[in-house]
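Q: Using the sequences and the hints, build the whole thing.
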Amino acid sequence: MTGVPADTAPSRRRLHWLDGLWPWLCAASVALSLLMLGALLTLLLVRGLGHFWPATLEEVTLRSGETFAGQAVREVALPQQPGDERLYFTGNRDIESVRWRWVAIDDIAMQAQPMDLIRLERSPWDDFIGRLVAIEQHDQRWEGDAAWQQLTSLLALPVSQRPDSQLLLITASGQAVQQPLANVVSAQAPNAMTWRQKTLAWSQSVWRFLSEGPRAANTGGGVWPAIFGTVLMVILMSVIVTPFGVLAAIYLNEIAHQGRLTRFVRIGVRNLAGVPSIVYGVFGLGVFVYGIGGSLDEWFFSETLPSPTFGTGGLLWASLTLALLTLPVVIVATEEGLARIPEAQREGAVALGATRLEMLTRIVLPMAAPAMLTGMILAIARAAGEVAPLMLVGVAKLAPQMPVDGEFPYLHLERKFMHLGYHLFDTAFHGDDVQAAIPLVYATALLLVLIVLVLNLTAIFLRHYLRRQRGSEC
Amino acid sequence: MLAPLHSVNTSQPPVTHFPPEHCCLSIDHLSLAYAGKEALRDLTLSIPRHRVTAFIGPSGCGKSTLLRAINRLHDLNEAVSHSGQIVLEGQDIHGPQVNVTELRRRVGMVFQTPNPFPMSIYENVAFGLRLQQRLPKRKRDDIIEWALTSAALWDEVKDRLHRSAWQLSGGQQQRLVIARTLAVKPDVLLLDEPASALDPISTLKIEELIRNLKSELTLVLVTHNMQQAARVSDYTAFLHQGELIEYGPTDQLFTNPRLQRTENYITGRVT
Chain A
1 MTGVPADTAP
11 SRRRLHWLDG
21 LWPWLCAASV
31 ALSLLMLGAL
41 LTLLLVRGLG
51 HFWPATLEEV
61 TLRSGETFAG
71 QAVREVALPQ
81 QPGDERLYFT
91 GNRDIESVRW
101 RWVAIDDIAM
111 QAQPMDLIRL
121 ERSPWDDFIG
131 RLVAIEQHDQ
141 RWEGDAAWQQ
151 LTSLLALPVS
161 QRPDSQLLLI
171 TASGQAVQQP
181 LANVVSAQAP
191 NAMTWRQKTL
201 AWSQSVWRFL
211 SEGPRAANTG
221 GGVWPAIFGT
231 VLMVILMSVI
241 VTPFGVLAAI
251 YLNEIAHQGR
261 LTRFVRIGVR
271 NLAGVPSIVY
281 GVFGLGVFVY
291 GIGGSLDEWF
301 FSETLPSPTF
311 GTGGLLWASL
321 TLALLTLPVV
331 IVATEEGLAR
341 IPEAQREGAV
351 ALGATRLEML
361 TRIVLPMAAP
371 AMLTGMILAI
381 ARAAGEVAPL
391 MLVGVAKLAP
401 QMPVDGEFPY
411 LHLERKFMHL
421 GYHLFDTAFH
431 GDDVQAAIPL
441 VYATALLLVL
451 IVLVLNLTAI
461 FLRHYLRRQR
471 GSEC
Chain B
1 MLAPLHSVNT
11 SQPPVTHFPP
21 EHCCLSIDHL
31 SLAYAGKEAL
41 RDLTLSIPRH
51 RVTAFIGPSG
61 CGKSTLLRAI
71 NRLHDLNEAV
81 SHSGQIVLEG
91 QDIHGPQVNV
101 TELRRRVGMV
111 FQTPNPFPMS
121 IYENVAFGLR
131 LQQRLPKRKR
141 DDIIEWALTS
151 AALWDEVKDR
161 LHRSAWQLSG
171 GQQQRLVIAR
181 TLAVKPDVLL
191 LDEPASALDP
201 ISTLKIEELI
211 RNLKSELTLV
221 LVTHNMQQAA
231 RVSDYTAFLH
241 QGELIEYGPT
251 DQLFTNPRLQ
261 RTENYITGRV
271 T
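Each protein sequence line maps, in turn, to chains A and B. First residue of the first sequence? That's 1 in UniProt numbering, and the numbers climb one at a time after it. First residue of the second sequence? That's 1 in UniProt numbering, and the numbers climb one at a time after it.
Keep in mind that the hints were calculated from the coordinates and are not lab data. One or more hints might be untrue.
One side only, chain A facing chain B, incomplete, derived with CB under 7 Å [said to hold, decoys possible]:
hint	residue
1	308
2	344
3	345
4	348
5	353
6	354
7	355
8	363
9	367
10	434
These figures come from a predicted structure and were not determined experimentally. Backbone N, C-alpha and C fix where the C-beta goes; we use that ideal spot for every residue, glycine too.
A: Below, the structure is given as structure tokens:
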């Protein structure tokens, strides 16, 4: 006790201001992350799925006596004036040349939701909002309710079997239009629909969004080619990157002399994972597309030159570029898995008379399989969302042909393809009607998230299955 | 009581010699270095057939290193260099005509921590067999039953042969590893502190197993536990800092060591 001043001991135990607070700080970080994630998913779900719900149509009469029909979208305050302004989607671009209309709420004299307002989805042109007067088919004619019933029964037929008919329509402002049945994709009378009918119509719209191709310069229609392109590209990428990455990891971890050079290579590989993806796109364009693709064209497809076959962006080059992009991820994950396998397991196999190859194939690789799958999951998660490099090496705004079809050799690696990420970008910024595209952007974003989720879950379940089967923990 | 196989050489260095008909392994002037650092220095000893020989000594004395040299596990590590000879049944194990995987089949090894493979009990025992040759299923089943019975494990696992080996207890896992080694019919079984990770009951079972197995093969045991060496071994070698200090019949070495260093170690006065 001698020589120690009595008052120094308690001062060293003084509470730091973070004591007692730090668990809350950590908890708050988690809560904030979850909140943001939840907000993101909720926004996508509500905006994306809400778009397909049959919206109520209103018939609005202004104080000036003008009448129009449309779907109320949103309200904002008028600049420098009292009162609000409301945005209506009115459709009928072929008749009125605009599809949107801002109306000051104070100008509205009367608004109603008449049951007989209908909305037609058309191609070409887009939605028509108005009333159905009659249907004419050769010399037959249906009017009123009978016309509506005839229209729904005609639309239930497959497109090829629909007879030649003319729809006589009238807009809310009283302008009569004729429309051939062939232009009509679907028809709704949302104000007259029950909840069940609306739900049915909603699920049909969602299905059409998933299963059909885009229309009207990507501002309408579905995204099926983009879904297909994304998934096919990711699968091809996985098939290319996994064996490469696994072999490289085996070399680095099992064969290479663990010296300075190996350490240097390992650091290099890890850093490659941080290279911006557009740089890989540039590399893919230079080496794969112009270099290898150009040479392939010269050797095998010279009769079609100067129009390129492989010497332009395509599915194969995009998959290879993304495989290169995700290679470090696979190598690092696999290497970590290999390093986690206890030395005792390897020695046990060798001590039983296994050669190194037998030890690798029968003990080490099966034990490292979950780690390889983890690498693949990370690769898929990264690749499915990449857009920037794809713009250089093969994605298309609108691919005229799918990369897989009934024509030999069935899988066309040289074709351009559509991708959800690029479709999203294109819809949001390159359409002629951004207002109409916004809900589609949300829906596409939701779909992209879902696809990445499904691809990841598949790999995670596969990994879980492998682990359970082996009773292993690495 | 076993008849003595040896003659004691009274001159230095203290080495017990066996006539060739009883000698299984002979180690001749073996030195071994890890990356230039000497781990074994000029070791000469021979190991009798169908007996248990124990290596004792403080940590880092080289007893595990010596054991691993006998089935050439050091081949996996490029940094290891050696000189001298290890002769198994009259054949130099580093000789050019020796197939190293065949050598490792003949010289089985059991490690300190049980290392069953992440597969079923059956597949664990079948692992070494499948490396050797394709056997008809019935023949393989017979060998597996024989190996598990020899390792005193059959009765405990016969109803769950196709369950994961990782569900067994530590002692059962270690006996499974012994069964896995026995299945390929080795001539020598090397045991590297086989019971150090086990509870006392499992340890007793392993020790009993070791005593029973010597009618089948030659056993070499590395242990930290001097009581264990005294209980199960017939001959004991005391190693210290990579050198063989004393080697002789176990009862003699423990009751009447010839050197002061040996006595200090076995009585707990570690130098």
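Q: Which hint numbers doesn't this structure obey?
A: 1, 10
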